[in-house]
Amino acid sequence: MTEIGNYLEGDVAAEVRQQLENHLSHCQTCQVLYDSTRKTLKIVTDSGSFDLPDAALKPITAKIMARIRNP
Amino acid sequence: MGYLRETELGLSFPSFAAVREQLGFVPNVLRAQTLLPRVIDAEARILATILFHDQALSRIQKERIALTVAVASRNQYCATLHDQMLSLLGAPEISPAETALLDFALKLGLHGPFISKEDVTGLFEHGWNDESVLEAVLVTALACFLCTLSTGVGAVPDFERKQIPAGNPLHFQVPEASSGPYLRAVELSPDRFAPFVFFRENFGFIPNLYRAQTLRPDVLGAEAGAIGAVLLTEDVLTRVQKERILLAVSAANLNTYCVAVHSEILRVIGVSTENSAQAAADHHLLNFASKLATRPSETGREDIELLRQHGFAEEQILEAVVMTALTNFLNTLQMGLGVNPDFAPDRVFRPTLFEKEHLLAADQRHTNEALVVDPDAEPVARVQAGDLDAFEVLINRHSQRVYRTLVGILGNPEEARDAMQDTFLKAFQHLGDFQGRSKFSTWVVSIASNTGLQRLRERKHTESLDDDGPESEESFRPRQIRAWTDDPEQLYVKSEMRSLVESSVMKLPGKYRVVLVLRDMEQLSTEEAAAALGLGIPALKARLLRGRLMLREALAPHFTGGVMGVPS
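Taken in order, these protein sequences are the chains called B and W.
Residue 61 in the numbering used here sits at position 68 of the first sequence; the count goes up by one each step and never skips.
With the second sequence counted from 1, adding 955 to any position gets you the numbering used here.
Source of the hints: derived by calculation from the structure; they are not laboratory data.
Fair warning: this is a prediction, and the values are worked out from it, not measured in the lab.
Any given hint could be a false lead.
Unchecked claim - Pulled a few chain W residues facing chain B out of the computed Cβ check, cut under 8 Å:
| id | residue |
| --- | --- |
| 1 | Arg1250 |
| 2 | Tyr1358 |
| 3 | Arg1359 |
| 4 | Glu1370 |
| 5 | Gln1376 |
| 6 | Phe1379 |
| 7 | Phe1383 |
| 8 | Pro1433 |
| 9 | Leu1446 |
| 10 | Val1460 |
| 11 | Met1476 |
| 12 | Lys1496 |
All residues carry an ideal CB built from backbone N, CA and C; glycine is no exception.
Chain W on its own, in the form it takes in the complex:
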């Protein structure tokens, strides 16, 4: 599950049905947004027009661009998704022209302000035409959109996590200010072409950003739909709040164009861009959006929690995530297309030379080796450098995880608390050996797991977690097959639900309990959980399924449709 609450839209929700028809499943990044179906509709349309079909670029070429951007952004969710897509589509050799296209996408996706007309001219020299470059820009922008979105909602990978290789630092020259637009466009009637009519009605003019994409009227339609569904709505966040997010994120992305356009739009709709009381209240929202857009690897569940603490509702947080992703999409489009400002900007944002680690070599692009994105790298490094206080940060971040692991193994809260101390002390003693080959969180959970298993072995009358025979699925037959109520979580208050789950989990045999705790409560990947317990993957999967079914059996009497929804 992601960071935000989800609701059930059902298999028949049309946008889910449409996506499933293309992909064979509904990605978790969409499932994580069920609080705002209008947003999912808009995204499904964007996905369909930009990604799903062979057009100037083939579907495979598009997925490769998306994978390249995801890998370079170190976005586990998207890398896993696009990698899976490519493995289903089959992947022919990458031609030199495609390599050039991927290099362009990489630069645009990660270092957009450094793109200049020469980059696009280079693609023409490789034989790409205006239509294919436009699609490459669109797919790159979409990849950025999906990376931001999946990070913001905390989407859980749809497939087994792929680990991604670390890359080399890359330098770009600061480009001369070059004029665009870089690509050919055609005339479309501002009075008859519906998306243009829409932009004029809502913005007062047709921004050059959209005039630059007229080779793909269908995409313009989908973009107008997304603007309408995400930016212009007022029911969750206000239009002004969303315009402010757009401004803050565009400024953080050094996108002079979008800052100028939306400053003008704010003036037109009568809002001062000066600080105001509302702006002060939205301070946390804007900080969050800028961080998510520019430092995704540092953004996590804590940031969402902080917004909650400042009074933002689930829907509002979700909309802020989507708005941030949409801004990254628009900023990337503008930079890739070299769109000229519609208004003289008050302020020009220019990149300075900087260096950022990511992939460069073509042979590294599609490998499945390890990249570990570790949000704890900074406190870990501080502790390793002798700053003991930073260890408290690590304890605070991981105590619940360690505790749950230990409860899962030991089945006893008292003993788990005690073992938690041992775990962190061991982690501290061995932190010098920790080299970041896995995430700190995985590492500390495996220490917890070893500590717990050690204690279990030392117990006089042992409850063994060891295998006591093959995990035969035939040996467990579900007995409760009455349908459950639609929204079982509504039947009990949170504390009742919690104690119900805790007591049911505690009654599971240890070997199933621990797997369930690590996978479903801790959300470790199958590999991580298997490694932590020293089990093979098939054994882990078998125990997990069995554990879930047993738990289902135990909970069923509480949730099968009793009279009037009252649990029997």
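Bound conformation, chain B alone:
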């Protein structure tokens, strides 16, 4: 499990990577786990989650700038 975590991070030595990829090509469970975790990561990264809309951002920026200009 930890190795799969490191693999997702691109943080495994070349030979371990090779072994993992061999294992993944045989083991259905690990393959599903790896594939779905990778997809999870992509979904999280691409989803634009917790983006603050411009409309909400503008007044906050204005408040900050006002406090800075007139301390």
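Got chain B; can you put chain W on it based on the hints?
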């Protein structure tokens, strides 16, 4: 993830398989280009012919050249990549002759217009022959190509980021106009040698640039392949658009040769180099390409976004990046080989004396100390000099990052907005102490992180982010092990996906949520995230994995292959 959309090509995509066989993995810079597989094919071939094997130069010598160019270019992605390669290959001492070769590569890679015949003669005096100098030029050009490409696509480092040391200013004399070519070439038949046949068919002649590389026919084959796959295709950007990029970037690189050749080619294919309506429409594209080629440290996600706003599609932006990188490759080759113009140039570009910071001392070349490339250095300096308006630039650039960090920690959007104000006010008050030892973005995220953690401690009934026992991987067993659909992101519209992710992330225990937000949403490095949270690296990694697995578990019911791809 990089700046551009990616698709899945699968482990069996032949070029990925070929690269993985050599490197043991597929670098993110290639994974970032999956929208255009033909381009990846061409690049894989270039990598294989130029970099992957011991030839006149050893693989280690080549990686050192590539690392030197990447470090001097302050390209985090490539420096990390080549550094990792070298650490796997093992690195014997650098001989004086190799030092000379690295100095040459450095000058060619960063200050190509200053290269003259004397630089190459100097290498011969160190015992290098034509074949090895040609390879040094090729590897330097490839390193420039990879630096431009990785910057343009926003490739995420494949390994833990290495920080790179700052360097000293370096002066070069403006060289006398010297004649080339600098290296020996052999005759190859323009009728039988396939790459030459290809160039004659497509350009109407065989440019001297290619005649100067005949010691490596295999490389010429790979270059012809790249020209065919990147420049001559019409399906994404037009040939004319790409020729214009080549002209604009070559002019920005002061490359008289490539400007002359491609002006001629544009005349031959019947396009005026005068301004036209199309040229006006491509204004943003060309600005982007020139900036990426010559000021990579200032180029970022905003530039890609600007192109999107002007109506360029993902594939078009990717192709513009690749075309810019290819132009840097060709320009570097020409300057290193001293190739003479095929046509009398209309205009000669000459360098003026200038100074640019980078590495010089040999002992600095392969250290792993800090270089921080900070795109915010300019507005930060303006604020420090009293220009308050510049702070608004910094707020605009980092508000989302700060907000997400705070939501991650506090788990409450309302409170996060409030804490965001505190964060920027604190950042403003302490900006005088900020000395640029880390990036501004990292610094402001750590202020956000401290602000958020402080508020959490002040809450009456606390949701603690503190460790409540060892992170045992055994304590969490995945239960959902049904395969997911191939393209889960297609199942929901963007806003649904977003609220699904937001609600699932919010349900994670705080200590996992914050790590996931910093690493996977903010894309902080492991070290940066650990520092921002005051955690050790092993603890951070354990929480990250756990957080990802928990999130996977929460999302799984929505993405396991329901009937006809409909989520259950």
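Quick rundown of the hints versus the structure:
1. Below 8 Å, beta-carbon pairs count as interface contacts, and Arg1250/W has none with chain B, the closest being about 27 Å; its hint is therefore violated.
2. Among the interface hints, the one on Tyr1358/W holds; its C-beta lies about 5 Å from the nearest C-beta in chain B, closer than the 8 Å criterion.
3. Below 8 Å, beta-carbon pairs count as interface contacts, and Arg1359/W has one with chain B at about 5 Å; its hint therefore holds.
4. A hinted interface residue such as Glu1370/W counts as satisfied when its beta carbon comes closer than 8 Å to some beta carbon of chain B; here the least separation is about 13 Å, so the hint is violated.
5. Interface hint at Gln1376/W: satisfied, since its Cβ lies 6 Å from the closest Cβ of chain B, which is below the 8 Å cut-off.
6. Residue-level restraint check for Phe1379/W holds (minimum Cβ-Cβ distance to chain B is 5 Å; threshold 8 Å).
7. A distance limit of 8 Å between C-beta atoms decides the matter here; for Phe1383/W the minimum to chain B is near 5 Å, and the interface restraint holds.
8. Given the 8 Å rule on beta carbons, the hint for Pro1433/W holds: about 6 Å separates it from the nearest Cβ of chain B.
9. A distance limit of 8 Å between C-beta atoms decides the matter here; for Leu1446/W the minimum to chain B is near 10 Å, and the interface restraint is violated.
10. For Val1460/W, the interface hint holds, the least distance from its beta-carbon to any beta-carbon of chain B being 7 Å, beneath 8 Å.
11. Given the 8 Å rule on beta carbons, the hint for Met1476/W holds: about 6 Å separates it from the nearest Cβ of chain B.
12. Because the beta carbon of Lys1496/W sits about 7 Å from the nearest beta carbon in chain B, less than 8 Å, this interface hint is met.
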